[in-house]
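J.: In case you want the letters, here they are:
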Amino acid sequence: MKYVTVDLLRNKVVLVYAVVLAALSFSVLSIDSNSSKGLLSLLNITLLFVPLISVLFSTIYFFNSIEFIELLLAQPVKRTKVLLAEYAGLSISLSLAYLLGIGVPVLIMAPNIAALTLLVSGLLLTMVFSAIALLIFVLFKDKTKGIGAAIVSALFFTLLFDGLLLMFIYSFGDYPIDKPILGMVALNPVDLARILMLLQLDVAVLMGYSGALFKKFLGTGFGSIYAIVCMLLWIVLPLLWSVRVFRRKDL
Amino acid sequence: MIKIDSLTKSFGKFKALDNINLTFDKGRAISLLGPNGSGKTTLIKSILGLVIPEKGSITVNGKVTGRDWQYRSQIGYMPQIGRYPENMTIGQVIDMIKEIRKDEKKYDEELIVSLGLDKILTKTMRSLSGGTRQKVSACLAFLFSPDIFILDEPTAGLDPVSSEILKEKIIKECNKGKLILITSHVLSDLDGITSDVVYLQDGKLIFYKTVEELQDITGEMKLNKVIATVMKNQSTTNSVRV
Numbered sequence: 001m002k003y004v005t006v007d008l009l010r011n012k013v014v015l016v017y018a019v020v021l022a023a024l025s026f027s028v029l030s031i032d033s034n035s036s037k038g039l040l041s042l043l044n045i046t047l048l049f050v051p052l053i054s055v056l057f058s059t060i061y062f063f064n065s066i067e068f069i070e071l072l073l074a075q076p077v078k079r080t081k082v083l084l085a086e087y088a089g090l091s092i093s094l095s096l097a098y099l100l101g102i103g104v105p106v107l108i109m110a111p112n113i114a115a116l117t118l119l120v121s122g123l124l125l126t127m128v129f130s131a132i133a134l135l136i137f138v139l140f141k142d143k144t145k146g147i148g149a150a151i152v153s154a155l156f157f158t159l160l161f162d163g164l165l166l167m168f169i170y171s172f173g174d175y176p177i178d179k180p181i182l183g184m185v186a187l188n189p190v191d192l193a194r195i196l197m198l199l200q201l202d203v204a205v206l207m208g209y210s211g212a213l214f215k216k217f218l219g220t221g222f223g224s225i226y227a228i229v230c231m232l233l234w235i236v237l238p239l240l241w242s243v244r245v246f247r248r249k250d251l
Numbered sequence: 001m002i003k004i005d006s007l008t009k010s011f012g013k014f015k016a017l018d019n020i021n022l023t024f025d026k027g028r029a030i031s032l033l034g035p036n037g038s039g040k041t042t043l044i045k046s047i048l049g050l051v052i053p054e055k056g057s058i059t060v061n062g063k064v065t066g067r068d069w070q071y072r073s074q075i076g077y078m079p080q081i082g083r084y085p086e087n088m089t090i091g092q093v094i095d096m097i098k099e100i101r102k103d104e105k106k107y108d109e110e111l112i113v114s115l116g117l118d119k120i121l122t123k124t125m126r127s128l129s130g131g132t133r134q135k136v137s138a139c140l141a142f143l144f145s146p147d148i149f150i151l152d153e154p155t156a157g158l159d160p161v162s163s164e165i166l167k168e169k170i171i172k173e174c175n176k177g178k179l180i181l182i183t184s185h186v187l188s189d190l191d192g193i194t195s196d197v198v199y200l201q202d203g204k205l206i207f208y209k210t211v212e213e214l215q216d217i218t219g220e221m222k223l224n225k226v227i228a229t230v231m232k233n234q235s236t237t238n239s240v241r242v
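So the sequence lines, in the order shown, correspond to chains G and R. Position 66 of the first sequence, counting from 1, maps to 66 under the numbering used here, and the rest follow consecutively. Position 227 of the second sequence, counting from 1, maps to 227 under the numbering used here, and the rest follow consecutively.
The set of hints was computed from the structure by calculation and includes no laboratory data. Fair warning: there could be bad hints in the mix.
Unchecked claim - Pairs of lysine-lysine residues, derived as BS3-like cross-links and limited to a Cα-Cα distance of at most 27 Å, are as follows:
#1 G:81 - R:98
#2 G:78 - R:119
#3 R:105 - G:249
#4 R:102 - G:81
#5 R:172 - G:249
Here chain R stands alone, though its shape is the one from the complex (with noise of 0.2 Å):
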């Protein structure tokens, strides 16, 4: 569903990615995890477009992202921060993205529900905890059930309760065939949704991995410790290559 060739971009001589190859298919939860600063953010924007790439192709559903705008009507898109207008009201908001999105009439409302933001539709948004506010997000990403969904750190800020209902809803989705894009710092999180992990280090793939594979590698069933693991091998060979 989507393919992602030779995907280069630097800011300054920063390089946040270099030469990055992917194909992600749906029905498929994957993880994209690393370090702070390894481009996670940035190969999410760039997939959404937000970043422009300096090199290489990104194909969503078959088609080349580029000037096309149209393609992102399959994304659902979840951020790390949510910021909106502060004098809006939660209702208002849903209402401006509906307006938004006129091509689709079909609206998944079961998150506002179950996340209980229907009682609080007239609250304005500068009144609004950060966990709220995260929560109006993913109510967005959801609402015209796209066929891939991009997490950024979804469960930051969520209180158990909803962090449990949101990541329900994950498993839920992605059990319908679409395709899931997650980063999380907080990866007893990831447990039980994710089904691949991809793995960024300063802008390289280091690996692309079913959890399956990973486990049998490690030895270790849960994924902070399968992770864990990985990560310590990896620093003694770079060290062993210092």
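Isolated chain G, as found in the complex (with noise of 0.2 Å):
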């Protein structure tokens, strides 16, 4: 695990990674006086970015280490072990790219409780999309649909699912369907983020309608813890498939 994070590491597309986010995010931070609304730019940034970043890199960085995994599973080590270390090297690295481009920007010129929770939940889908690029690498023997899927998976989370969260409100506004959308809402890790989010930014009740109704029902703090479990399930459900599928894979 050690050595696949200090390859990353030295891997040239995560550190352009961590330097555009680090350009953006002083960009962004500077051009507005107002910190608050700076955040919601970076966070929008953020939800768009970093899942389709961290799902598609993930995704072609196992399809290529599969000869290298090859040779680590004839040591005598278990299968499970060989693949939580590659996720692990790889969500770290990914983390850490993030945290330098988006944290330490945000930290220098906005220091509050709403950049840490930005950092926060852009870290949870880090590991998210991170998590479910290793299930897409362990359902896939070929890599170029592996790829397709990674980007399938990148834009139904990211703009899909909204559209669909906003055609299924539309259809049913007649009826209560207040609590059915919060449920459906954790369904998508993205929209998870942003609510987390939002919900520390005080505009929640203005960005759409699960925001509104996050604060409504369940208040800032157990919105936030909720919006938080959601997301590790995320990232655990996929981890414990991807182990399950990949224990009795033919490699």
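Hints given; two lone chains; assemble the complex.
T.: Here you go:
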């Protein structure tokens, strides 16, 4: 695991990712005197790019290291251990890149609780989408198909899901659908991250239906815990599933 | 040392291995031969536990492989294509494998020196040629002096000098009473190493004989001639059957 991290930290893509994030956050934060607005813009950047980059990069990395994983498995080690080490190394290095890119500028220029929440949700998103990438890796044999699946899943969660949710709300608007929507939001880690952040910014009511619902029904404290727990489940469940599949996989 | 009992494995409709029974003893150097896609690599991967058999069992040193993973400490494996994390140096890769194998403290670093890898330990894997990567794979397979060596196309991509060094090393280990399983399409490379030949075709075991037996049957001395004769006979009997 240590070595996967070292290898990835030297990878230029991860470096570029960190630098781009850093440039974005510095510029966004210095444009606006209101740090809350700046954080919102950063949130949108995080919500759009972190899932896409995490899932794509991780999937490509996993597929490229398949021969190496094979070599490791020829050593006397458990399969589960190898797989989880790969995941840990990858999510640690992507998280570090995120922390460097968004964390350092934000903490320098706008250190408050909202900024910390942004970091936590970004990190959780990174881990969720690397876990999804791991699942894609064990489910697909073919690299091209795997990358396709990665793109589809990233787009689904960042764009398509919200559209479907809106359609649902629009067509069933006459019914009391507040509670079901709370449940449905839990199905999308990106939404969860958004809500987690918005609850801290006091603009939840301005930012759409689900945010307002969360504020109304759950309140800031409980709402945040609910969102975090759901996101942790989004990490653990794909991991458990991948381990199960990987144990019986032919390499 | 390795006993394979009615091993069957299919990928979809394609039968990669069809009811294979084999026993490999120590001190032998066994060549796995056969045309492309005949199941050689699948057989090797089954022994390593990388491919999970459908039917049948594999016993290594008296232990049935399966959920057990410790048996792999007795096997040194050199894959057909060695790919490593690109930004790691050769030294780091070797250290990493050593760290994984904490149980083994004695290292056989003879090949690292004789193949000249000790001089380029700080080069990253990305900058290496295919042949040099192959050398790294070879060094890793021999590092812990295991009882069983599984070498998948070991000499492919190596220059003649290195390939000769590797062959000498293989012979030396074999003479120490270790079991060598080797696949190669370069039959002349196997001359002088191999003591037995396993011939697979379409996932079926065609024959498993010692080199001496084969030489008697075909009347040829060189391994490539021997196999060519056998293959020719094989195809004529096949066509007769059709």
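J.: Run every hint past the structure and note whether it holds.
T.: How the hints compare with the structure:
About 16 Å separates the Cα atoms of residue 81 of chain G and residue 98 of chain R, which keeps this hinted pair within 27 Å; it holds. The suggested pairing of residue 78 of chain G with residue 119 of chain R is violated, with an alpha-carbon distance near 33 Å, which exceeds 27 Å. Of the pairs offered as hints, the one joining residue 105 of chain R and residue 249 of chain G is violated, with about 31 Å between alpha carbons and a cut-off of 27 Å exceeded. Taking the CA atoms of residue 102 of chain R and residue 81 of chain G, the gap is near 15 Å; set against the 27 Å cutoff, the hint holds.
For the hint linking residue 172 of chain R to residue 249 of chain G, the alpha-carbon distance of about 36 Å lies beyond 27 Å, and the restraint is violated.
Going through the hint list in order, the structure does not satisfy hints 2, 3 and 5.
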